[in-house]
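Asks: In case you want the letters, here they are:
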Amino acid sequence: MPDFASPVLKTYPTAIGEQTLTDVSATTKALVRAPRGSDAAAELGVNFGSSRVADGTLVVGIRPTEWLVLGPADAVWAFTDAIDSTGHVSKVDFTHGRALFRITGTQSAKVLEKICSLDWADNMMPDGAATSASVAKVTCDIVRNDVDGVRSYFLASDRSSGQYLFDAILDAGTEFDLGVVPG
Amino acid sequence: MFGTRSFSFSFERSALMMLVPCPHCGPRNNSDLRYVGESHARPDPNAVTPEEWRAYLYWEDNPAGSLRETWYCRAGCRQYFTVTRNTATNEFENHPLPGNKTGAVDPSFHYVSSSVSPSVPTTSNAAQETETNS
Amino acid sequence: MTRLPVQPGEVLDRTKSLSFEWNGERLTAFEGDTIASAILANGNRILARSMKYHRPRGLLTADFWDPNAFVQVGDDPNVRSAHRLVENGMDVSAQNVWPSLDYDIKAANGVVGRFLTAGFYYKTFMKPAKLWPAYEKVLAQFAPGGKVDLTTPHMYHDKRYAHPDVLVAGGGPAGMAAALGAAESGAQVMLVEHNHHLGGSLLWGSDADRAAAAELAAAVTAHDNIEVLINSTVTGRYEDNWCSIAQRSHHIAVERLIKARAKMLVVAPGLIERPYVFAGNDKPGVMLSGAAQRLINMYAVKPGQRAVVFTANAHGDSTVADLERAGIDVARVVDARTGGNVVAAKGGSKSVEEVELGDGTTVEADLLITAIGWTAPTSLLNLAGDRPQYDPAAARFFSSQLPDNILVTGGIAGDGTTDQLVAHGRSTGQHAAARAEVVAATLQKLTTRAADYDGDVPSFPADNRQPLGRDPHPELFRSTTHGLVDYSEDVGSKDLFAAAKEGYDSVELIKRFTTATMGPAQGKLETVNTVAVLAEARGETIAEVGTTVWRPPYAPITLGALGGRIFEPVRVSSIQPWHEANRATPILAGQWVRPEHYGNPDAEVRNTRENVGIIDVTPLGKLDLRGADVPKLLSMLYTNKWMQLPVGGVRYGVMCAEDGVVMDDGVTGHIADDHYIMTTTSSGAGGVWEWAENWLQTEHPDWDVHITPVTTAFTSINVAGPKSRELVAKLTDVDLDPEAFKYMQVRTGTIAGVENCFMWRIGFTGELSYELHVPSGYGLHVWETLLAEGADLGIKAFGLEAQRIMRLEKGHFIVGQDTDGLTKMPSVGMNGLIKLDKDDFAGKAELADSINRTDLPKVVAIQTTDPTIVPFEASQIVRAGTNEIIGRITSSRMSPTLNRSICLGQVLPEAAEPGSTLTVVMTSGERVTAKVMEHHAHYDPEGSRLRI
Amino acid sequence: MTTFRQFMSSSSLSTVKDAGTSAIDSLKKAKSDPSKPPRYSAAGLLVKGAKSEEWPRVWREHDLKKSYDVVIIGGGVHGLATAYYLATNHGITNVAVLDKAYLGSGGSGRNTAIVRSNYLTPEGVAFYDRSLSLYNTMSSDLNLNVMFSERGHMTLAHTDSALRTMRWRAEVNKLQNINSSVIDPQEVKKLAPSLDVSPNTRYPIQGALYHPPGGTIRHDAVVWGYARGADHRGVEMHQQTEVLDIMVEGGEGPDGKGRGGKVTGVKTNRGDISAPIVVNCTAGWATLISDMAGVKLPINTHPLQAAVTEPVKVFLPTVVVSGSLHVYVSQTDRGELVFGASVDPFATYSMKGSLEFTEELAGHVLELMPNIGRMRLLRQWAGLCDMTPDYSPVMGFTPVEGFLCDVGWGTYGFKAGPVSGEQMAECIATQAVPKLIAPFELARFERGDLVGEKGAAAVGH
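Residue numbers (the working numbering), protein chains in the order written: chain B, 1 to 183; chain V, 1001 to 1134; chain S, 2001 to 2948; chain R, 3001 to 3461.
If we strip away everything but chain B, and leave its shape as in the complex, we get:
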């Protein structure tokens, strides 16, 4: 197989500050659908609005009856293959459909607050919380996934808008010295 090409193609100087943005679009993404109350739903183990780490993957309840499983390909497929497929359950490889970015740093919520109307306060968006919303006018799936106690968020958008969104986030982060760290 050839190399995976990310939707973010421009090159950026490497970050010097504490606030970082990373393109992780190459991460394997599986979209799993299962009915409410099904065995599959139970195995996925999280409800709409939250996420959990399971077997080397991040399992995110991004919509009612819809989950996004993120991680290295092997781990993602091992996890999703094991999910009970009885009934109306489907699993779609969504790796190529979405751009995926991670923004990390104590000020990361302040950056996002400039381009997204969500309330990023801890009680409204705790670590592990998942939702979707318009970010700089692009609909994104958003998961808070702190790294060593530092605020961090995944943002997944339609792949075709990836470059635009990446630049919009960087622009919003100017006043906080947001910089790019390679994935």
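You can take every hint at face value.
Listed below are the simulated SDA-like cross-link pairs for lysine to any residue, each with C-alpha atoms no more than 20 Å apart in a straight line:
1. S:2835 / V:1045
2. R:3051 / S:2120
3. S:2445 / B:128
4. S:2302 / S:2042
5. R:3100 / S:2548
6. S:2123 / R:3060
7. B:137 / V:1017
8. R:3100 / V:1088
9. B:137 / S:2162
10. B:137 / S:2567
11. S:2641 / V:1045
12. B:110 / S:2162
13. S:2123 / R:3038
14. R:3048 / S:2124
15. R:3435 / S:2885
16. R:3100 / S:2508
17. B:110 / S:2567
18. S:2302 / S:2354
19. R:3313 / S:2053
20. S:2730 / B:2
21. S:2494 / R:3044
22. S:2445 / V:1093
23. R:3174 / S:2885
24. R:3100 / V:1064
25. B:137 / R:3202
26. S:2501 / R:3061
27. B:10 / S:2580
28. S:2501 / R:3051
29. S:2835 / V:1046
30. B:137 / B:102
31. B:137 / S:2709
32. S:2501 / R:3053
33. S:2501 / R:3044
34. S:2445 / B:122
35. S:2137 / R:3136
36. R:3189 / S:2154
37. R:3174 / S:2929
38. R:3174 / S:2923
39. R:3100 / V:1065
40. S:2137 / R:3150
It is worth saying that the hints were derived from the structure and are not from the lab.
Based on these hints, arrange chains V, S and R on the given structure of chain B.
Replies: Below, chains V, S and R without anything else, positioned relative to chain B:
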């Protein structure tokens, strides 16, 4: 009207930034949703006269008050749902945000979801060319 | 110089001297000076001329709302000079003057003022009608305001959202205390102050006042829970406490908009001092008590030499002491509370010289201070649905009904000593914090993503605040003479009386007729006086007359700040880098940027017809459909049948809305058991997805179908041309034998080493073609591999224009171009695809009726008699010899394949029969003939080329 | 064809017969009235100014009578123009115009006062062209300067498809002798130098439909002019008079309302009025009024927002419209930029302005004119628009006899005021639908034959 029945105009425009009670996400800015229109039950297409069908397509209740209507949580959970809103005040029945109305908070706030009729959404492209007043 | 020695409360930094230009003259200032205070400190008194009569004007209020202090600063028009701080090197000039501030020819208007009553222009210039445009040009010369510089760059404007628990509008004593009260109760607070300093009216008050202000400001600034925004304004309050804040003090943006969803809003803007209506009340030297106090105490400027003070309240009284301390001779204090009155300010046009009093005496003075009462700036409250009520005892309006998420404190709520105001503010802040907690808890409990909220949401606490009192105040609006009511608009009380007599006697009509309150202060100085004068003219009370509705924004906000950074998402395919490197001419299609062509679309067409071409069709909408009930969904969405499509099959379908109008079209392939992929038009992708979800969620929730939008998950490449099979065969493991893989079939496999691809044989271009869909991370790789492997076959990339030409040669209609918002399916010549024997499908009921109609227009292929003439798209087709429109050309091109002009059009049935002769009106007006063709396809109507 | 008087005399209601005679009487009276108010003129201004005299009331106040020949609900441009032309063209003067607030308080005073006739469909063009010609002579017809400013109207195209629609409109216009053509970006720049016509913008200007006869007008003056003209001829304007119910007999619905019924009058907050003809000329409240007669309409009410900036010296000589960017803008003689947009996306009767409208508006205006970022937005407001499925009005008769509608004007109502009044007056007086408004009858929806303006509006890309 937004075409539940068939017509629709631009909706990727923002208006009053009210909080819409999405039954799945919770309160959301209305800019995250698409307004679908009045909720009318779809008649059996095999049992209507053309006139009855067009009455379904075109007649509107348009009350200045309580209206059953459909929204689509476009940037959020992507679910269609039906709520009741007062079109004179833009207050939703069981409003999610206490304090907008004078009076006590209703802690037993809950939502009703029900079957509504399909609509044709337009795309942003089509909407862009919509004739404006001028 | 009129600069005073150092004043105890001045806000100047005398160690920092600045210089700037005023009408070409270099002036000096200190850091902290406003433009107006600096101009006055340099000995000038006149800042502007009035709109209609061009009368010289000096400071009236000496704050943001001053109607006489608009200046041009560089390319920035209409700058409030009594608010904007001086910066080194500023280029400031007077507006609305010609040729100069000192000598203005248009001041002649003032002489004929008695004829130019408000609304005079409605009564003249009717005849001759031809001359009105000339009059209009003259009137436009009188447009007030500064100049726009059409070379001003588009500056950087930032935006931000915020979710404070408590938003406090106003940083005076009550506002600061409210912020502290809320923050001390644990709330996150945003405190917004309109001016450059916290403190409000305390700043120009006594030493004790300033000490109190400093103490509060220090506490506010030190509190971690309070974000202070100075030189910022809460400009609006919208649904659900959605508040807009214009921040003019952020380091990276000239002005930025903050959008705050405040759980509680505390409104504490203080009061705005109201001018008095009397003869000569706009002469330079007539000013309000607050103006004099600000100039003396904050800016160390001496506003005059000899003053008359007309006072009805403590603020007026305290101004006397300030004037005296500044060395101004207070010639007379006229107390309204004991029956004193001011009748007229007299003198030359450039200054007051003497003041005529109610007792008949005349006092020489160059300064007349009035302190006659207040306007409560209830704008934010009005926006929340409040209808303020007039209290004659206090001579001002008070809020009457507020939603529970708004509280008021400070002067807008009542009167009191500084201590009383602070106490009220603090308890208001505490109460706001308690209410905000309830709102926060409710939001947390209702929001799915939020942390769990344990227990019951508390109820709103009881409001146990000690209310502020209301000091009695005499009602003072107009003296025994007529004077200006609206300084910005040059509208006087006499105009209002006349307008009322003429029948414009409701507050809204008089506003519209005279333009009173329509100027830059939007009624903050004018509305109450307008209402009072109208009440007087009608012989009614202020309460009976009512008031106008205040509209947002509270203070003007620049278009730049509102526009902010423009978020206009752009979408590109994974092949975009190649398109750019190969100098594709881009075309915008909605959010998509696509290659229109690579230099020569005709050559691209010919090469595709002769050899092989590839086009990036990624924006084509693609929906992955999975589940046992997909065929039922397809049957519902499309007009034709879908229950029997075998695995490996592909079918074309048309979607109609419920009114039978064509909505979208495309092909859908059966990939595997319970797995289909649907394509839609590029622009229809989002809409069809929502349409399908709508049917599933609301009409048929029992159907098992999962829809995933995969438009950009797959990069789509159409390989077309007689050599396309040969090319694709080099790259794939799929068996391309024409018998194994037929027209309108789909296969999955590996392409150029990329797994999990699918491809189908379809024929939009009319040639043998394979549409390849490859995972997008490898799209560019496949594209480049195709070009490399196809080099010996004569491969060339082609763009959207070549595709459009080829589809027109084939007669395929484009939804939204060859059809419009009223084109029902029977018009497009595909009645065979309308399967009325299906139980149900979208649009069935309407199509069942319209399929029998004989009056619907038809989409037909058209060729002009002269093959070299290509009518513009949108050319009209008329009944011969008339201007009666019977159709139009919807698509047209010169066909490089047929070397002739080809068209699609819509015509009425009378002209739709093959062979009918049509009259087409060219843009030039010339009429040419054309013929209706038998088939939609101009080229290869049998479709033999795509089935090989 | 039944004429108005035949209709009146055939009525079984005696009050109506009385009303019929009184119509003629009041016509005579109007003609011979010696107390006709003074004309407006420059000379008049001079005389009044010199003598410090007052002008008489622009329209008089009256007690509400018990009956009228025609009751018009809605004191905006449409209602007042209908009354004016009833009196002027047909001699029917026993007419009451009722408004629940003050005259011109609805859409007539909230629109952005743009007039034009470059519509898409032949029926639309013919209709609006008549309106434009009435606007052209209105100042002298009404003896009140409505300040019609024929400054040209430019609709920008940012895409191929938009340009195609502009061509379509231009071609249809030309066939009906409307001055309308497609111009290129350089010509656009000449007409409005503040526009950025460079190809590097997000929405490059590819051309425009230019319509020299279009322009702006002083909307309040139109209201006052019609009111004054109608008043001179004996029509009564009643402000603060709210219609609470419409009395209908013999209909198939509850209380005798609805299809097959016949209007007998209206109930108001100031008392009942009997009238054989009641005309719904409201906007925003059209369905609420027609509900009172039991008539269903294909209308939803949406707010339309507008805004105005502080004044600056005049720099924008034409009206500029961009459908793609949802914005239209013109500069008044006072120097303010007046902005409008398309309607808000959900139905509501709330007329509160919204922040998002101003943000989007400013963003888009700056796309077009990037140099005016320092101008300041002064005021925003909203009006109510009654949107129909085909962007065309509902005019003429309804299933209830004597109940007529002139509603559903969407965002186009102001432009159409004069011609609507003229045609509705003819419709009332002759009891037959005039040709110009025949395409807009209510029954088209039951037939599924919508008017083609919808076609253009929905043309995709």
